[in-house]
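Visitor: Given next are the chains, with one letter for each unit.
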Amino acid sequence: MSERRGNLSVHTTHADGGALVELSGEVDLRSSPDLHGRLIEISDTRPAHLILELSGVNYMDSSGVGTMVDLKRRVEGGGGRFVLVGLQPRVRSVLEITQLDKFFTITSTVDEARKR
Amino acid sequence: MKTSAKLSTSMRSDPRELAAMRERIEAWLIPQGWDTTAVTEIVLAVDEALTNVIRHAYHGRTTEPIELRCGAVHDAERGDGVEIVIRDYGRQTALEDICGRDLNELRPGGLGVHIIRSTMDRADYSHAEGGGMTLVMRKYRRSADSSESVPARDP
Numbered sequence: 000m001s002e003r004r005g006n007l008s009v010h011t012t013h014a015d016g017g018a019l020v021e022l023s024g025e026v027d028l029r030s031s032p033d034l035h036g037r038l039i040e041i042s043d044t045r046p047a048h049l050i051l052e053l054s055g056v057n058y059m060d061s062s063g064v065g066t067m068v069d070l071k072r073r074v075e076g077g078g079g080r081f082v083l084v085g086l087q088p089r090v091r092s093v094l095e096i097t098q099l100d101k102f103f104t105i106t107s108t109v110d111e112a113r114k115r
Numbered sequence: 000m001k002t003s004a005k006l007s008t009s010m011r012s013d014p015r016e017l018a019a020m021r022e023r024i025e026a027w028l029i030p031q032g033w034d035t036t037a038v039t040e041i042v043l044a045v046d047e048a049l050t051n052v053i054r055h056a057y058h059g060r061t062t063e064p065i066e067l068r069c070g071a072v073h074d075a076e077r078g079d080g081v082e083i084v085i086r087d088y089g090r091q092t093a094l095e096d097i098c099g100r101d102l103n104e105l106r107p108g109g110l111g112v113h114i115i116r117s118t119m120d121r122a123d124y125s126h127a128e129g130g131g132m133t134l135v136m137r138k139y140r141r142s143a144d145s146s147e148s149v150p151a152r153d154p
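Chains as they are written, first to last, in numbering that gives the first Met the number 0: chain A, 0 to 115; chain B, 0 to 154.
Certain hints may be false.
Using 25 Å as the maximum straight-line C-alpha spacing, the simulated SDA-like pairs for lysine to any residue come out as follows [to be verified]: (1) B:Lys5 / B:Asp74; (2) A:Lys101 / A:Ser54; (3) B:Lys5 / B:Tyr139; (4) B:Lys5 / B:Ala19; (5) A:Lys101 / B:Gly109; (6) A:Lys101 / B:Asp74; (7) A:Lys114 / A:Glu21; (8) A:Lys101 / B:Thr39; (9) A:Lys101 / B:His113; (10) A:Lys101 / A:Arg89; (11) A:Lys114 / A:Pro88; (12) A:Lys101 / B:Glu63; (13) A:Lys114 / A:Pro32; (14) A:Lys101 / B:Tyr139; (15) A:Lys101 / A:Gly85; (16) B:Lys5 / B:Glu63; (17) A:Lys114 / A:Ile41; (18) A:Lys114 / A:Phe103; (19) A:Lys114 / A:Thr44; (20) A:Lys101 / B:Ala19.
Since the hints were derived computationally from the structure, they do not count as laboratory data. Only a predicted model underlies this, so the values are computations on that prediction, with no experimental measurement involved.
Required output: the full structure, derived from the provided sequences and hints.
Guide: Shown next as structure tokens:
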């Protein structure tokens, strides 16, 4: 399922009891509230994993980081795995500045994320 | 290359205007010779400050004014730098209540001030005459090892 949420495109596929959400665009105060709501809908189904593919995300601010923190807790609280994939340098630097780069499981590819 | 150009601009407190403002600030910085890392950090700090204004000064109202003034500064020790002043006309926050949160406290929200402090050399809030707040942020080309900031808004 593909959706356009402000300056962000969201494509979701479900397989193997989990969800892969591919994002493209910018995650900021404009897009993160809707994104947060969409991801909560997915986490409420208690997926085996929620993989966020972020290679198409060229900007993320603290509202996006906050969304990731909340979703990781929700998914892992339900017994699932939460993995971030394909971070661009700008997005990775925001996680490093907020010292959350070690908090998240981060991989380079979706295949690698599925094996985690 | 020295920062000599000035930029005065404004936006409404609408999240849909954030991307355009980020592009405007980036386009202003790049010709002045700031490296990619510094541009990324300054743009991120401006975005976080604007986001805080929209959220906390205007409580999400989307038609309120936000003004930005950007220009050059010089410090005897750190050399040339940039100063960005962000002015709003919203709710005034007690300066002693403006603080970031402990990063060890893992929860969504409250990260904006930490980002501003980490990426800029100074971030000084004050109550503006006639209402609202003024944030003065500075970043030097030769930054100090540790950030020199005073508490910033992000309840």
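Visitor: Against this structure, judge whether each hint is valid.
Guide: The hints, checked one at a time:
| no. | hint | verdict |
| --- | --- | --- |
| 1 | B:Lys5 / B:Asp74 | holds (18 Å) |
| 2 | A:Lys101 / A:Ser54 | holds (19 Å) |
| 3 | B:Lys5 / B:Tyr139 | holds (16 Å) |
| 4 | B:Lys5 / B:Ala19 | holds (18 Å) |
| 5 | A:Lys101 / B:Gly109 | holds (19 Å) |
| 6 | A:Lys101 / B:Asp74 | violated (36 Å) |
| 7 | A:Lys114 / A:Glu21 | holds (18 Å) |
| 8 | A:Lys101 / B:Thr39 | holds (21 Å) |
| 9 | A:Lys101 / B:His113 | holds (17 Å) |
| 10 | A:Lys101 / A:Arg89 | holds (16 Å) |
| 11 | A:Lys114 / A:Pro88 | holds (23 Å) |
| 12 | A:Lys101 / B:Glu63 | violated (38 Å) |
| 13 | A:Lys114 / A:Pro32 | violated (30 Å) |
| 14 | A:Lys101 / B:Tyr139 | violated (29 Å) |
| 15 | A:Lys101 / A:Gly85 | holds (15 Å) |
| 16 | B:Lys5 / B:Glu63 | holds (23 Å) |
| 17 | A:Lys114 / A:Ile41 | holds (20 Å) |
| 18 | A:Lys114 / A:Phe103 | holds (15 Å) |
| 19 | A:Lys114 / A:Thr44 | holds (21 Å) |
| 20 | A:Lys101 / B:Ala19 | violated (31 Å) |
Comparing the model with each earlier hint shows violations of hints 6, 12, 13, 14 and 20; every other hint is respected.
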